[in-house]
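Enquirer: Letter by letter, the chains look like this.
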Amino acid sequence: MSALLDYSSVLLVVSPIFVLALRRSMSFALISALIAASGLFLPVNEVSLILQLKGVFSDLSLTTVTLLIAWPLSRVTNISLNRPDLTSLCAVMSILALFLYPMALGVGPYDPYALGYEPFALLTLLAAMGIVAVQKKCWMSAATVIVALLGYWLKVLPSQNLWDYLLDPILAIFAISYLLQQAYRRRIWRRSGGTPRSAEI
Amino acid sequence: MLKIGLLLAIAAIYGLNLLTMRVAPADDGGSERPSRTTVAVTTEAFFHEQFVNRASEGVPRVHAPTAIINAEGELHGYWYGGASEGATDVAIYGARFDPEANVWRDHRQIISPASASDQTRYWVRKVGNPVAFAHPDGRVWLFYINVTIGGWALSAINLATSTDGGRSFSGDKRLVTSPFFNRSTLVKTPAFELANGFIGLPVHHQMMAKHAELLTLDSAGDVIDKRRLPAELPALQPAMVSLPDGTLLAFMRSDGGKILRSSSENQGATWSPAVQVDVPNPDSAVAVVATPTGLLLAFNNDPKDRDVLSLAHSHDGGNSWREFHVLENQPNLHEHDHSNEFSYPWFVKDPNGNYHLFYTWQRTSIKHVRFNDVWLVEALRGDG
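Keeping their order, the protein sequence lines are chains A and B.
Residue numbers for the first sequence follow my numbering, so the first one is 1 and each next one is one higher.
Residue numbers for the second sequence follow my numbering, so the first one is 1 and each next one is one higher.
Among the clues, some could well be false.
Derived DSS-like pairs (lysine-lysine); straight-line CA-CA distance at most 25 Å [as the list claims (entries may be wrong)]: (1) B/3 <-> A/137; (2) A/155 <-> B/173; (3) A/136 <-> B/3; (4) B/304 <-> B/258.
Estimated spans, in silico, between C-beta atoms of each pair [stated by the list, open to error]: (5) B/351 <-> A/132: 54 to 64 Å; (6) B/114 <-> A/31: 26 to 36 Å; (7) B/265 <-> A/110: 12 to 22 Å.
FYI, nobody ran anything at the bench for these hints, they're computed from the structure.
By construction, the Cβ of each residue, glycine as well, lies at the ideal position given by its N, Cα and C atoms.
Same shape as in the complex, but just chain B:
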């Protein structure tokens, strides 16, 4: 009798599990953003540079900027800062861009290791790499990596949520991404909406070997799928962009001296083996964004050092690139001198089609560069 009961129970629970296995929602075409603008529409070319923050006594070192345009059209930026990378005093900071005065305001601390421990109910010793995402439903998600033991390779990813357009965050939770004590998944590059309505979060694995991966998240922010991008070389921090035909492209940081490229024809379910493209990479993150005529890449134009930051454009889906503008070029004096570092670029486009580029400036400041398509066309012609 007990045996029959248990067999029936197993069959019933097995059946219930199959019945409730997740089905992807239909693509409803996404939602439109409100039309409030961050920077005025203009047909004049513009290119403007400014600092989001400057080094302060309490926060001498900053890194890894991220930014979003919220549902109200406001531009919010975030980064991490502290005594040094990986120090236990490192926290995540944020600020809001005031387009009327062209200044960054409301600088504040967003997340600290202590607040992350309280919110997630897991001990967090260090935080880093924030990644902001303006969810189509109006929320702002802020992913960030956290470390309990060991170094960055043993990171996990936390997710904090804002319901006030990115001004404040709460409800931090730890994403479950790995079977090994939930370790070794790191985030750096922008999340994006997949055609099926789920959210794609590019991440990388760093223990034993470096692999670029794509997580799929549902509207609750739970991980519901994970795919590894095949590559013979170490690949990390995949920057992904969608082409008009639905093809997903990934451009990855690598220690092989050049950027790696992979593509997916099925929204990230499978990926082509990554190949090197003829763009130098000093094992540093890149950023990519779609333009009306192709793709725009921000990258360190040197195979060994992060002291040059440039823009390149591609008309052929990222197979070939042409550098057309140098953003920073201050060569370091010798091999061990890393004082001139211009790295970790991040693109965001506002509803008017203007580009906002953020990057780490000498690890002491976050720089904000903004330009429009008119400047881009002129720069590509060689007039910029």
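One chain only, chain A, in its complex shape:
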């Protein structure tokens, strides 16, 4: 499992390519994804693209991995992601990111990243979030919580810090962008007097 997650950065390239190619056909999507994945292991300037990708983006959080797997799966199975579910998940991740990153990047003398090493508070928050998600039938949120908790318990990433299982900058940027996009669309629809429709991902 850890060895597979070692190369989870592949999903950053393969998932979007698969989803885009799926507009044409399933077989085209599969072949495109396979070619893209293989290409990442080719060396460029003596270093494979996947190592370069890992070097730049480091390891993805399990939440991001779950979303990058769920996204193409939802397209293949035609089970669309529950929009309020995704919105709730993005809202929580945005709040956590806005709490974590400014201080972790150097603003002020306190670094909340340290909370992830003895994460009683964070674990409790996560478990509560999972329970609420299940009660509200937000299966995507529940799945990400369960995957993050399980992954942290098994220590499937090189990190001993719960934050790294839960959140990464790519997810933070996606979550905030998604919420901003949603808010912008709602504003446009309100102006045009139409019915709001959630943003696609």
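Once you have looked at the hints, place chain B on chain A.
Expert: Okay, now just chain B, sitting in the frame of chain A:
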């Protein structure tokens, strides 16, 4: 049914996580070092200077020495070198001190960006600042910073391990220290064993603001805690030393013109706000080591330039210092002349209590100075 199953699963995994949260091992008092000596025991004062290496055609610029006494009592030194600081040809080099002949031997390349990429499975474009640590269990750890994109402020820390006393290293891995693409944690100053058996690694954060920090590592070399030292001024490269009563002290490089000092009464869990002490600092690293009568500091005795390197001693836990010996003093000709640079000092004590001081000498060589307590006492009296 699905809801109940998922709720039970969340409760179960939450409980398992709480049950398996890390507990610090009991302090077993540490382990004793073998008694093989690096430099003979003597009651005569001695003070000896020599170069570990000299500039060579392939490695014209060197910097940031580090050294350890391994479990067999051998002295090994490491530094980085290449065309210039931050160049992509920079690699980490090492050598072994031969106490019989008083020379440094076995000069070799230890780690290159290519070997670091292969070992860690993360692309490494540049390496720098090695920090060696003789683990109490006999292994030698070599931390070093690595850059993939950007400059030093976007560094991460790698850890290589030696099971042959520091002659060769392998199993490099990237420490996870930051939530932002694991960036902006740098290492320069010595690691040390904490009272609870874990390893303390002083580091600093350099993105957006400069903060001194202390990482705690377990025996596998995984980061299990991180604490930031509060300071109103930019603080980096904390040199830490433990007092006999267990107090940890940190002396930090700063661009405020003076060294910063902070202390911890609980093995680094919390730190006092850093304050300036009356020791100049030209934004350059310092080294500190405990002596039988107090603390010994190697520092650049100038608020702006690294062209003077001195030793100072403190009897009051580093609150006040007295310079007692000038190691190097070759003033640069003008503001933009940095040819005379004597910087990045590193102390290591051998099992006989002798001091070994290493520093960058004009960026072309690594200098090794060794002396004993007898010389120290005489120098402090003004006879040295």
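Enquirer: Hint by hint, say whether it matches the structure.
Expert: Here's how the hints hold up against the structure:
Our distance criterion of 25 Å between C-alpha atoms is met by residue 3 of chain B and residue 137 of chain A, whose separation comes to about 8 Å. Distance hint between residue 155 of chain A and residue 173 of chain B is fulfilled; the C-alpha atoms sit about 16 Å from each other, no more than 25 Å. Between residue 136 of chain A and residue 3 of chain B the CA atoms are separated by roughly 10 Å; this keeps the pair inside 25 Å, and the hint holds. For the suggested pair residue 304 of chain B and residue 258 of chain B, the alpha carbons sit about 10 Å apart, so the restraint of at most 25 Å is met.
At about 59 Å, the CB distance of residue 351 of chain B to residue 132 of chain A agrees with the hint of 54 to 64 Å. A hinted range of 26 to 36 Å for the beta carbons of residue 114 of chain B and residue 31 of chain A is consistent with their spacing of about 33 Å. Checked against the hint of 12 to 22 Å, the pair residue 265 of chain B and residue 110 of chain A passes, with Cβ atoms roughly 19 Å apart.
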